[in-house]
Amino acid sequence: MRIDIREVGRQNGSSLPVHLQVPAAEVLQSYREFSFPGPLTVSGQLRYEGQGKLRFDGQARFNWQAPCARCLETVGRAETVALSLAFSNDSQAAAETGAEPAGAEPEAATEIPCYAYTGHIIDLTTALTEAIILVLPTKVLCRADCRGLCPHCGQDLNQGPCTCRTEQTGGSQSPFGALNNLL
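Per my numbering, the sequence shown starts with residue 1, numbered consecutively.
Mixed in with the good hints, there may be bad ones.
Unchecked claim - Here are the in silico distance ranges between beta carbons for each label pair:
| id | residue 1 | residue 2 | range |
| --- | --- | --- | --- |
| 1 | G13 | P67 | 35 to 41 Å |
| 2 | Q59 | R2 | 15 to 21 Å |
| 3 | A144 | Y31 | 21 to 27 Å |
Please keep in mind that the hints were generated in silico from the structure rather than gathered at the bench.
Note that the coordinates shown come from a computational prediction; the quantities given were computed from them, not determined experimentally.
We put the beta carbon where it would ideally sit given N, CA and C, even for glycine.
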């Protein structure tokens with residue numbers, strides 16, 4: 001996702017509205033356990049802050065789908081990610097930890113990621129990937145109380161109890177079945 005910054009201008013405070021839309025799977029292809037139906041939409045303002053520094057404030061919207069970690073039912077959600085990004089044509093400045101928002105008090109400033117660019121093109125792909133990974137769940141659940149699948153027969157326990165549990169309560173199948181006799 002590239003933005004030509006020649007249109008922003010070189011006056012402090014000049015800005016460019018940004019509206020980009022690409023297939024989400026193109027940008028987010030490294031997340032194999034997730035699928036991304038539909039587009040990744042990025043909108044916001046790119047503002048020139050002087051001395052080769054630019055600031056992007058906006059949001060990214062996308063949809064994801066993944067199987068539930070317990071019952072394998074497909075789970076899908078729509079996400080909106082707030083973006084505050086800084087860009088600098090000085091690679092050393094971009095490597096430093098963040099930038100101070102324009103007009104903010106030094107103690108009230110929040111740290112925002114700063115990325116390097118060269119020439120007249122800013123590529124948002126790395127910044128978007130890093131922001132999106134923070135909102136994707138590490139463990140996808142269809143609901144918090146998902147009961148999962150029976151480990152013996154594969155019955156979805158959210159749909160109801162399985163019949164194999166009552167058949168195997170005799171204890172002969174379990175290595176701990178002898179403990180039932182001791183209690």
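Status of each hint after checking the structure:
{"no.": "1", "hint": "G13 - P67: 35 to 41 Å", "in the structure": "violated, 47 Å"}
{"no.": "2", "hint": "Q59 - R2: 15 to 21 Å", "in the structure": "holds, 18 Å"}
{"no.": "3", "hint": "A144 - Y31: 21 to 27 Å", "in the structure": "holds, 23 Å"}
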